[in-house]
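Colleague: Chains A and B supply the protein sequences, listed in that same order.
With numbering that gives the first Met the number 0 applied, the first sequence corresponds to residues 0 to 624, in that order.
With numbering that gives the first Met the number 0 applied, the second sequence corresponds to residues 0 to 175, in that order.
Hints are supplied without guarantee of correctness; some may be wrong.
As the list claims (entries may be wrong) - Keeping only pairs whose Cα atoms sit at most 25 Å apart, straight-line, the calculated DMTMM-like set for lysine to aspartate or glutamate is:
#, chain 1, residue 1, chain 2, residue 2
1, A, 496, B, 172
2, B, 102, A, 584
3, A, 499, B, 133
4, B, 106, A, 520
5, B, 107, A, 520
6, B, 91, B, 80
7, B, 127, A, 331
8, B, 173, A, 369
9, B, 102, A, 520
10, B, 106, A, 584
11, B, 126, A, 584
12, B, 47, A, 584
13, A, 540, A, 517
14, B, 127, A, 369
15, A, 375, B, 133
16, A, 375, B, 172
Simulated from the structure, these hints should not be mistaken for laboratory data.
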Amino acid sequence: MVASIGNLALWLSLIFSILQIYVSKKGKLKVISVIVNGLLISSLGSFIILMYLHIVSDFSILNVFENSHTTKPLLYKISGVWGNHEGSMLLWILVLTIFNYFIFKLYNKNNSLLISKTLKVQSLITTGFIVFTIFTSNPFKKMIVEQENGLGFNPILQDPALAIHPPLLYIGYVGLSAAFSFSVATLNLNNKENIAWYTYMKPFVLVAWAFLTIGIAIGALWAYYELGWGGWWFWDPVENASFMPWLLATALLHSLIIVEKRKSLQAWVLLLALLAFLLSVIGTFLVRSGILTSVHTFALDPSRGIYILIFTAILGGYSLLLFGKKSKNYFDKNYFNFFSKEGSILINNILMTIVCATVFLGTVYPLIIEAFTNNKISVGEPYFNATVVPIMLPAILVMGVGPLLAWNRNKKSEILKKILPSVLLTGIMSLIIVSIYKSFSLIGTLGVILAFWIISNNIVILIKKRKNFSTGMLVSHLGVGFLILGITASSVWQEEKITKLKTNSSTEINRYSIFFKDINEVVGSNYVALKGNFVVYDKEKKIVTELTPENRYYPVTNIYTTEASIHSNIFRDLYIVLGTGNKSEGWVLKIYHNPLVIWIWIGAIVIFIGGTISIFKNLEKLKKI
Amino acid sequence: MQKKIPIFPLIVFFFILSVFFYLLIVDRNPSELPSNLINKNIPTFEAKSLISGKKFISTKEFKGETILVNFFATWCKPCRDEHDFLKKISDKKKVKIIGINYKDSSKKTVIWLKNLGNPYSDVLVDKKGRIAIEWGVYGIPETFVVNSNGIIKYRHVGAITGKIYKKISLIIDKNE
């Protein structure tokens, strides 16, 4: 019964969405308003009903049966709604309609043409996703025979970070759909209206970018403590699928500033907006069609793959053809000096796009090779590290200088004067860090110098409170500095020790001695586990912390997981994973000493805060036009 | 020049989509992983036989006939699923199947084979997973077809299904 209402709500949102396609252009404001609100309410309704079905464990519903179990904690019953393919599509639709609502909220007399066209494109996208969900992935499908209990939910996904990871990421992806819609609408206007389309597009891009950043970071954090490999990024195709739109969103965000200030690069920005969303959809395709093997792969179903592919072809074919035909209206001849803010942003753009293309090539290259030669190859971490890192280095360097350059007019001697305090600060901090780790690897030293360069630059300006700088930008850039520091230190100076240890004996890593006290069986809410107790001492024999890694067994899904135990402070993480073993021979242990890892997560949060500050500032700007 | 640029993204886009489309409709299996060992000699190894208790030396045994090598364990559910296909292969195709018992208890394995039937000509103990590492095993079950010259002709990751059964049969026929 309840499920039928959910299904009805889903169909209702399809009707509203189709209506919006027809009405948005010529309809009266009141009619459009009813439809936009109706769409939002109906999609919210179907989502809440699915959530309700998961909470009450209604196993007459296939989706609940396949992904839930009565013993599952409430939080994961809720997050289980979007932890599976069908439910996550419902969340996609909900976020799409929320953005649709906010686009409508911008509607006024002066921009009616742009907004109505944007709404039309947005409703086309929404319709595509609702049709896909209803016909290939309906979460309200009923079971033929009602079951007593569900199959359970993959235990490694039962985690607070992973509970919020998908919604954050979807806000990011779908935020880019708004940029896409604005871009198509703008191209359709032929540049005759003289309307500030970029000012409307920017807050959406900011939201998308900020949420993508934090969403990716939380995914990485989860991989770090849950997968027990000591690392946090594996160049998995699905990680790449989120990284690529992020890179383009970064480029898009920065070039929107140029458009705003100089009316330059307009065609380029319109193209970036199209590509960023298309890459998000292609990413979805790669994950859900089963075309690639990945740790993230959802249930495989070729018919879904074909549908998403056709949908992507329509979206991409239409928008890129439109771009080919109309973009000449947006070519401009407002040139600018290379040694200026615009110049540095342009370099940032080029480099981000190259990184994106490089990652894309690495991700799809095995597929292209397979299609043409029938050979299977795999492209992995060595490729990505060897190609992405060197391209990112100059981008980071430019990032440190760019914001200091005044718009378009700069003498080179002036630039030098401005950066002197940061140069000094960078030198001192880098010397300290490099001398602590006594390691002089080129990439490591370079990375640390660049990180402190950015950190000191932004702190100097923030303290001086120069008026012509955006606080949001400074804070975000500061966050990027922290991020680079954490990434560099944890990847270059990581220490790993794999050893076999009996109870009542100890081993050493870095300057710590780790004592294996005992190992016990423990019983959790829906698992049983072996739990090791380790005491960590420092050089002075003082207790630093106790670590308790676990090996868990979840009987419902018949899955074993390892729970790493981590002790973090601002200098380093100590990370222990319990392996196999027994009383007489001892247990296999993997121990990591990861310097400065915490700065990755701090960096991501700081970037997000900076992004949020900018979002509010840009919304203020919108009110003025 | 400037006129040509705007259409360039469209061309690239459709090129990539057509690759995806081709791969979707073509009969392929993403879990058929690339292996550096295809068309190469099998890695040499020694192991204890679970059945005879004697030492098994690979260089002596892989000669003169097509042999299937199957990595399995009693704790692995897909291994149970593919067991019937293994029996079918050993009955109908009359090829030797060497089972490599990956990180498992020998006691449980004996009971398991008693209950489900034994398709293997020999079962080798790989308690520490060393043999699996030598063969580049990705996850069990995993199956290799080795021809009469001791050269690996095919690798399949995951349980054998009806489709894979047919494919393996074809490869066996071709190599005989």
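Colleague: Does each hint hold? Answer for all of them.
Modeller: Going down the list of hints, with the structure as the test:
no., hint, result
1, 496(A) x 172(B), "violated (48 Å)"
2, 102(B) x 584(A), "holds (16 Å)"
3, 499(A) x 133(B), "holds (22 Å)"
4, 106(B) x 520(A), "holds (24 Å)"
5, 107(B) x 520(A), "holds (23 Å)"
6, 91(B) x 80(B), "holds (18 Å)"
7, 127(B) x 331(A), "violated (67 Å)"
8, 173(B) x 369(A), "holds (23 Å)"
9, 102(B) x 520(A), "holds (22 Å)"
10, 106(B) x 584(A), "holds (20 Å)"
11, 126(B) x 584(A), "holds (14 Å)"
12, 47(B) x 584(A), "holds (21 Å)"
13, 540(A) x 517(A), "holds (19 Å)"
14, 127(B) x 369(A), "violated (34 Å)"
15, 375(A) x 133(B), "holds (20 Å)"
16, 375(A) x 172(B), "holds (24 Å)"
Taken one by one, the earlier hints fail for this structure at numbers 1, 7 and 14, listed in ascending order.
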